[in-house]
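Undergrad: Residue-level listing of the chains:
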Amino acid sequence: MSSKRSGRVRVLLTRNGLHFLSIAVFCVLGSVIRELNLLVILAGLLFGLLVLQWRFCRRTLDRLEVGRTLPREIFANRSFKVVLTVHNSRRLMPAWLLRITDVVGPVQRTSRRVRGQVLLHHVPPGQTRSGSYEAMVDRRGEYRCNGLEVRTDFPFGLATGRVRIESPENFLVYPAIGTLRQGWRRIIEARYAGLSSNRRRAGQTEGDFFGLRPWQNGDSRRWIHWRTTARLGELAVRQFEHQRRDEVILIVDLYEPPTPKSFGWTQPNGGNRTYQRDVERALQIGATIAEMLTRSASTRIAFGLTSSEPTVVASKLVAEIRKESLDALALARSTDVSGDQLLTMMRQLSDGPRRHWPPVVISTRQLPPDECRDFVAKKSVVWIDVTNPDIRSFIQLDDMPERVPSEPAHAAS
Amino acid sequence: MQRVETILCLHFAALTVLAGLLMGTGAYVADLWVVAVFAAVVSFVFVDWLRWVSLPMPLAYAAMAAAAVYCMGDFIQQGSGDLAQSGMQLTSVARLLVWVQAALLFQRKSRRIFEQVGMFCLLEVVVAAVLNDAIVFGLLLIPLAILALSGLVLLQIWDPQPNQLRQHGPIHIRSETWSENVAAIARDTPRLAAGVLGPAVLIFALVFFYTLPRTSSLAGTPFPSRSSTTGFSDSLQLTQLGRLLQNSAPVLRIRLHEMDSGDVYRLREPMYLRGQTLERYEANGTWKSSEFGVLRNGSDLPREYIPTHERFHLFDRVDVQVTAEPISSNAAFAVAPYYATTGEPHLHHSPNRWLLKIPDRYATNGRNEYFYGTNAFYRGRQTEWLRFLGLGEGTVRKRNGPRDPGIADLLSEEPVDGIDPAVTLNSNERSILTSIDRTQFPSLVEEARSVVQKMPKDERDPAAIAKRLERHLRQSGGYSYTLNLSFDRVPGMDPIEQFVVKDRRGHCQYFASALAMMLRSQHIPARLVSGFKTNEFNELGGHYTARQLHAHAWVEAFIEQEQLPESVQVDGQPREGGLWFRLDPTPGGATNSSGNVDSALDLAQVLWDDYVVDLNSSRQPTGLFSAITDSETNPYSMLARRLEIAVVNLRSGQLGGGQLSLNRFFSWRTAVLVFFMLAITVALYQMLPALRQRRVKVDLADAAAVADGNSVDFYVQLKQLLASVGLRRDPPQTPQRWLGEVSPQLDCADPASDTGAGRATCDGCDERTVANAFQTLAQLFYLRRYGGVERLDAQQDRAVQQSLECVRSAVQQQQTLSNGSRKATST
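In order, the protein sequences belong to chains X and E. If you're matching positions, the first sequence starts at 1 in my numbering and goes up one per residue. If you're matching positions, the second sequence starts at 1001 in my numbering and goes up one per residue.
So that you can see chain E by itself, here it is in the shape it has in the complex (with noise of 0.2 Å):
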């Protein structure tokens, strides 16, 4: 029974641990883990192992009760308001439940304190199901609870207190306790826990969970569970200093999809998502978006651009899907030039700057997820080009808001009543986007000036003189990217002008803003764009992560529709007005590191959310139990079509790229899986034998049992009480033999007793008494086992139990005279 405690304790200790971890993970509470696994740790060792102390129930009470008037005085101070605020207030509580366990862990256990402890574990659990939404929540239930699940069962084994005796009048009852097995019932119980009533309730909990109708569309996230997403923001700063540490958090998932096919849309190089446009540059290092333009609230997404010259596109036609976690901005992550596709009315567009937006009442504090289609792509790569996509004065505005229909036309080259399209820059739009003080950049605008200058005089072009600027900072103008910006800040000196004066090296915003002024300085309007670039994909998931590390700033130039190089065509946008030219002057491969990132964990987290965390009544019918009736979307139909394409494509050569095709001589993927395959193989055909050699050890056994009289109950209690004592039958005695002989080995007589009535001492059982007893057992095993009786009757079974009792009697002396034998010899 000690052993079964400490095993509890155990228990405890881990599932204590367990729910610290699991809230630890959450915000705000990210100490408290520490002060529980110091508790169950400590209190485990000093107090249910070594039992050196243990905390007295009063002293015990008096902590709880201090630790629940220190918490719950937090708790009241919070106040109640927003979202934080109730998220501060349930950590003033996941504080009190961890204090208050850790003061009942380190009392004496009883059977109420390992439930109190248990109840505590449950409610931290609770707490940390709406403090932390992370997959690391899901991957710590499952030991959790398998855990809960054996402590529960130790728990209805153990029992601390000794045979009971119980005594009202003229009675007294001592009671049994378990049996001297309990070892082995604490072994294999917390098995059938884990094996067998484990996956019952999991089970249970998932369809629970998943027939559970959702009145919502939106899935939950009440509290701030997680930080908000740094690396982007609607402003930007120069003035960090430092060594700027990197981020692999991922912020976007995002899956491209060929619109026709459907299939996964590859890309060959990196993607630009557009989140901010920065046009106002302030000094010391600030810039700062402008919203200028007749919508500035945005409008709906335009729809979809069709070409209507009959023409070879050079354009693919692209589906994207962008899943963000909790930003601190309503931006929505962009990749231009876009357009509405079904369902999705959520999003804003702001027409002059390519960017969308989440209104505010669809924004939610946690995970959004948009949808729209791009012309952007074209066989895996992304265009520089975007076309100015303006509202000139004659549009209408309408004061009821700006969600005019016909702006949704924009892209089309119908004219549209109401709407009138800019083709270029406005004058204050060119002021913004060409202004720069040249007493603050002289170094700067000396060393554009004369990159231009070196340029021959008929190439200089606005998009050639961007080019070779965005050249020079690449690549020949001696710039070097780093994190490290750890130098001296040169009193009044702009950020920018020092960096090129001075340092030489910085991050991408330092290269973006040194490019755009550079652009300024030779009146070509040019803005900075911060958004993410990424072309990490996960080859599990088939989509797409930008991560915080994915951060990035570039550069956009403006550049009129007749300055455009002949050279450069673009597809798949209106034909006519100017053009952004998007400018990326960060030296390479300084966004381009995917953080190792461990795909599966991210396909991990991906399925999580959208199984578990993001199930919605929008969700709901995808779940699951649909995916037997919806054939188009399901996982099963899915798998079923990558199997045919595997298959498809293993007949064309073309699987695993060509690694497993039938046609190569020799693929060393192939080889390996074959070897693998066959190891399989081999291993379960060597394992077939020996399932069936066991299968037939295990028949022989039984029939030897059943040929031994195992099949008859009280014949075998029989045995089990004369092996007690050593008398065993020989394999040649038959049943009736053996029992005859073994009766006169049992003495009974008492040679304390001095009675002189004979050797009647075992309970009223002298040793006729006893020979009788095995004679009777002898003659019903014989007419229960051969004589074709399958159950004795009453009087039978009552003369079965008074010989078995006398028979155990007798042992029982037998034991006693043995045990006395024993303690005179030794004397």
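Only chain X is shown next, with the shape it has when bound in the complex (with noise of 0.2 Å):
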């Protein structure tokens, strides 16, 4: 979260106060040439309105402090929340009717940018409110929220006070992230037959010890909890928790063929739209991927991506790992990939401790390189072909039409 005091207040006339403004002048005028008094008063009220909404848009927007907070992770095609907080600081005078607008757009203008706004009608003095704005973004990359807003129109709406300030803050949109099927297990499953250990258990043999139960027919007797059998009088059993944790190394190849016209492209910043859509879903892929393995802090695994700037995550924490990828997922670019770069990045990854852990590779190609293919047969690389249209039998994404293939289809190792 971050959070600024306002600065400086300006306070402009609105239409309404503007005509205000006239007629006050017009009494003035009529009082003066004609010495009506009651256009006196008229005029009194008028300019007391006009220096009452001064003085409280002043002081109203006077002393706040205001930030922003976002969500830890934000995906592409859903929905987040921006939480927009504000702190009254004074000791005596609520701020009442406050407009505080945030401008989202990407880091690279290409686009135009929209406001956002969130409306708060009381902060009492000392005290902290806070509202949010919905938000949704169609595409991955690097945005930023400009700098806040707040406006006040409060009491009369003559005038509205403002306030800029400036606290640009970054942040990435990740690719948007589908649904995995149980296919997708099998597919872990069927690369996992006949390895020693693809899906271990973590912890004692039984299990983490979780709690006590009766006992039931087919239950060791080992595991037989005597005390508590002696108190309640009736067998009790110990329950243990089992643990299982994937291992898993996750590479994604952005791959982008070298000479565009030979494959009918004909758009100068990289790629036909049907290409430009592969790559996407191989990010997409390959985020909904990472996204569900490291859920759970017992998952190990290593991350690579192959793109205009390759990424390799390895040997951190889950969260690092996460997030890491995540990241580079959601700046990723294609390029011309080699065959050699692509089994540098393998053989590193399935080097030393992981070199039994089994290697997904998500991939816009539809088969290996020819420099690749040794290695993916010997080490049995799950090679995911984002043009094959069996994916969907592992994988929903938002822009695949909902259709479950009879047989789970994943490429061949």
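Because the hints were derived from the structure by calculation, they are not lab data. A few of these clues could be false.
[Said to hold, decoys possible] Computed list of chain E residues with no C-beta within reach of chain X, every gap over 10 Å:
no.	residue
1	T1006
2	L1021
3	V1035
4	R1108
5	Q1156
6	S1486
7	Q1745
8	Q1775
9	Q1815
[Stated by the list, open to error] A few chain E residues that don't get close to chain X, going by computed Cβ distances all over 10 Å:
no.	residue
10	A1145
11	V1207
12	R1474
13	L1603
[Claimed, not checked] Each pair of labels, with its calculated beta carbon distance range:
no.	chain 1	residue 1	chain 2	residue 2	range
14	E	T1211	X	S22	18 to 24 Å
15	E	P1199	X	R15	26 to 32 Å
16	X	R144	E	Y1786	36 to 42 Å
17	X	G7	E	V1069	48 to 54 Å
18	X	S308	E	V1716	45 to 51 Å
19	E	A1194	X	S22	22 to 28 Å
Here a beta-carbon is modelled for each residue, glycine too, at the ideal position from N, C-alpha and C.
From the two separate chains plus the hints, produce the assembled complex.
TA: Take a look at the structure:
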């Protein structure tokens, strides 16, 4: 959360305020010319309104601390709330009818910025109030919340007080994530068949002690908790929780062919729409799997990304891997990744303690490049071709039609 | 929001009604308030409340354009010229405002429409301020201002648009509207407006009003805002028929003060204020004034008469201050004999007739105020005798104007150069004042003769004859007073003759005319005097009020000095010269009506006029701010002086005319006063402990709130969140234990999910994350509440916000699940 104190207050007349001012001036002129005292009273009332409005605008916006809180993770096509918080550090005077405006837009101004607004009706002195606006971003990338602006028209709407608070804050929008189906588990399980340990138990043989329960047929006698059994007068057994953890090497391969024209690419900024869709799909699948795997702290994962800025994240805490991998996916750009580069990355990630971890490659290529075929065959790499429509058997993305094939499909190893 | 809109519509409808009423109390536009009220009521009921009909925007604009064309045509036709025409033009503007506003009211309301309606209301108030300066304006302005403030504040709260979804490029944003407690805001903020902002604005306006320097000594009344006074005119017609209606509108306010002490001078009998003398009677009941004498245009007021002889003076020196509403003539109303006091050079004086006149250059269309002194009173009674004050042929007339300063010394008993004071009527004046066509009044002449014949011969001096004829008409002649003149006019008969012969009833003009003619039939010069006769005293304001119903006519008979009865002593006036003898033949009680006057309202009107409408450069220094410095005239010192007098009177047993005296054994007024004072004391005594208890309760509640952790804002938010799903802390539970037990009760899992990826559905928050969030919040709460940490650092703040967001997601999920299960159950 970023919080800053309000700066210089500017007060401008509204349309209604201008009308009031005009009539007040007319009243003064009329009273001066014709000595009409009732017009003087009216002018006094109108000027009183304007002065009070001006003072309220200035005082209301004085000594406010405004802050913004963004969610930890923002995914494309998922709505999120931006919480704007106002702390009134005055001792006596509350703040009424505050409109806090936040401007959101891409860091690189490729499109217009959008204003989000939060309305707070009352902030008592010395207290904090917050409100939120809901936002959704269609595309991954880096965005910026620009400076906040706090406005108030209270009490009469004759003038608007504004104060700008320079608190820009960048945030990353991760690729849209989908839903993994049961087929995903079967892909992994099939890959694990015959291996010693792909989904390992964590803890003791029976698992971690969880609690006690009545004895049932089939329970081992070793599990009987004798002290409790003696106290209760009936058999009670210990319960164990078996914790299993996944171990996966996840590689997202954003391959872009080197000669666009030979593939019919005509657009100057890197690929036609079909290819860009494949890249985005690879990113979405990678983000979905990474997001799912890193939910559990017991998961062991290594992450690699072949893009214009290759990224390798391994040997770190799950939370760090989660953040760094999603950050990389948010900013990734496709490039001409050679087979050697991919092979190097696969070897790097499958080295040492991770040599038994199953590699999963999500690629825009239909088949592994020649340089990698031996490695793929040797390590039984799961090769997921994002152009293959059968990927719907294990994942559902937002832009995919809802159809589940009868047989799970995955690339051959 | 719907309720707020209805309240807002009600506000603006009421504003329209009040603005219409403000204009309706002014001149010319009395019918417009009906239009305003009708439009406001009908539009509120059928457009805003029932929502049956509304005027489409194009049609509304067409209606407004038609109204504008019609009213502007009327405006142009009025032309420009005098004030009355300008007033009529302003009326056209008022009509335009009301009609256009009516078209606006019949549209479906938006923020813009509300603003336009408010602006039209404001313009109507401006027009009303020009057309209407009555106190009703001030009385209506207060509720109107409160309503306007409340309406403006409500308009800030009201937001007719639902959540707005904005989209540009890849970003979609839905902004938040006011929270669900907008009804509470709508209830509270207008109170704030009326209770705090309203007085603040009013104080500013008052300071502005009283400190703005005035450039002129005349407060303007630009347009004839009130109908001019009737009941008094320079001529008199006896031809009206039908029932005369009495009008209680005030015309004059007369303040009488003893010149020496400055105390209010109270009268025991009605006071006669001369407005015009009518000397010439023309046929068919018409009396007209006749200018005669050397100085037809009048002169300065005479200087004060100071007796030269050493004896007891039977007159009181009284200061007279008259405030006159707008009238149709330049007459100033006089209590004769009068004389000039300091600082009042504006009045002109007609010596022969004891009349005052406001010169044209000083006359205003509005209220006039003038001062003079008089010797007419003695012990609360006004003298019946008025010394003839004429100029003889030897007076030097000046070509360039009548304002010879020497004339001001007419009352002096010392000779003045160039002035030839006359002691009696000249032949021309006498012939006019004794003129009577006896053929027109045979019965009247005969009746007068018979009355006089009944008098002893040795008592038949002019004064006695005049008094006898007055008594005849007033008491013994069988005449009666009436305002109902619904009798047939006899063709060819003079109205006065008909009054005497046939009807024998009428109002003061008939009685006065008959007496004047009877006196003339006896060769006694007589004339009519029209003016006001009043004894209505305003106890609160300390002044006399003359209303239109107090307009009166009486008679003055000329008595030579040598014909003056020996018993009559004329004091406070020159010793030589003829005298005018005031005779009032109208039966008693006819003009003594006070007209059901509310003294408080009358006093309010006085204050409104003095301190608001008539504030000018000469009056401004005696306004509110000089009250502190000017110890002689300011209201505070006057109040202090009155209090001092009251204390002295209380001690001397004269307070309240003796009713509130300490020396009296029992006084019901004192008893009532003591009773109420005791009641107020007991009420205060009862209220004070209640206030103390309330304060103690509030303190205890505050202490309990602090003990419950309410001083930690994020903990309060957390409690509110959990309370929304029915999770509340039991008093024995510590916050940590409570939060630990709450965590499993929040079921985050979505049964519809088939991800197989655990129970993570709450925007990334699974059970473990929620439990961690609770743990984090509990730790930070203890740190903040008991750890002596005033404010959390940025990292802790971030942790709090993230944890709260996680809990909020879980709570929302819980609510969604609860709603879903309820729907399933009901299905």
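Undergrad: Tell me, which hint numbers fail for this structure?
TA: As far as the earlier hints go, 5, 10 and 11 are violated by this structure, in ascending order.
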